[in-house]
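Asker: In case you want the letters, here they are:
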Amino acid sequence: EDKVVQSPLSLVVHEGDTVTLNCSYEVTNFRSLLWYKQEKKAPTFLFMLTSSGIEKKSGRLSSILDKKELFSILNITATQTGDSAVYLCAVVPAGGTSYGKLTFGQGTILTVHP
Amino acid sequence: NAGVTQTPKFQVLKTGQSMTLQCAQDMNHNSMYWYRQDPGMGLRLIYYSASEGTTDKGEVPNGYNVSRLNKREFSLRLESAAPSQTSVYFCASSDPGGARRDTQYFGPGTRLTVL
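Chains as they are written, first to last, in our numbering: chain A, 642 to 755; chain B, 6 to 120.
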C-alpha cells in the first residue's frame, strides 16, 4: 500500500522566518510528487516534481525531490502571514490499476505570526 | 472559466437520509475524482472516473456511489448517511493527456454533517 508521511504536522513561526516542510513516501511505482497549498477551501497546486535534484521555484517557495531517498522538501523563505495554510504532499503512481489514485500525506499546518 | 464547482457548500443530514453531491468542471478534463478530508488524515480518494463512462473505486468507497453523467459532471451519492460520513468532500479533475497530466484541480468543497 502506498504511503506518504509529512513532517512536522504543525509549525508556528514569525514573519521573515524560513521553513522547511518534509514529505517522505513509499510507492510501488513512482511517477511524480505534487505539492498543494490549502487555505480555507480547495487545495491549490504549487509544484509537480518528477526527477531527482531538479529544484522547482516560484518566488519564495522552492521544492526538491530525492528519488533515491524517497523524500521531498518544500522551502519557504521570508515567510509572510499569507503563507499560513495547510501544505499537502501527494504521490502519483505510474499507472495501470493505480491510475489517478493519488496518495496524500496528512498535511503540515503552517502558522505565520506577524 | 469557473474551474471545478460543487454544490451544495454545506449540508446537514440525519442518519439514514440520502443525498447527492454535485460536481462540474469546465476545463474539458477527462478524469474526475471524489475525495473526503478528515482532520489529521489528508485527502482520501473515494471514487474516480478516468474518462466519461467509466468509474472505479478508490481507497474508501464503502457507503458511496458515483455517476459520471457526462464529460463535465460527476456526482457522489450517499444512499443511507451515517455519522462516520461527516467530512469535507472535494471534487477534482485532471487532464491525463496535458502537460500537467498528474495535476488535479479541486473544487471548493462540501462540508457535510450527519447527525
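Think of the hints as simulated: they come from the structure by calculation, not from any bench.
Hints should not be assumed to be uniformly reliable.
[Said to hold, decoys possible] Here are some chain B residues pointing at chain A (derived, C-beta under 10 angstroms):
1. Ala7
2. Val9
3. Pro13
4. Glu64
5. Gly68
6. Tyr69
7. Gln109
As the structure is a computational prediction, the values presented were derived from the model and not from experiment.
Glycine included, each C-beta is placed from N, C-alpha and C at the ideal position.
Asker: Determine which of the earlier numbered hints do not hold for this structure and return their numbers in increasing order.
Answerer: 1, 3, 5 and 6
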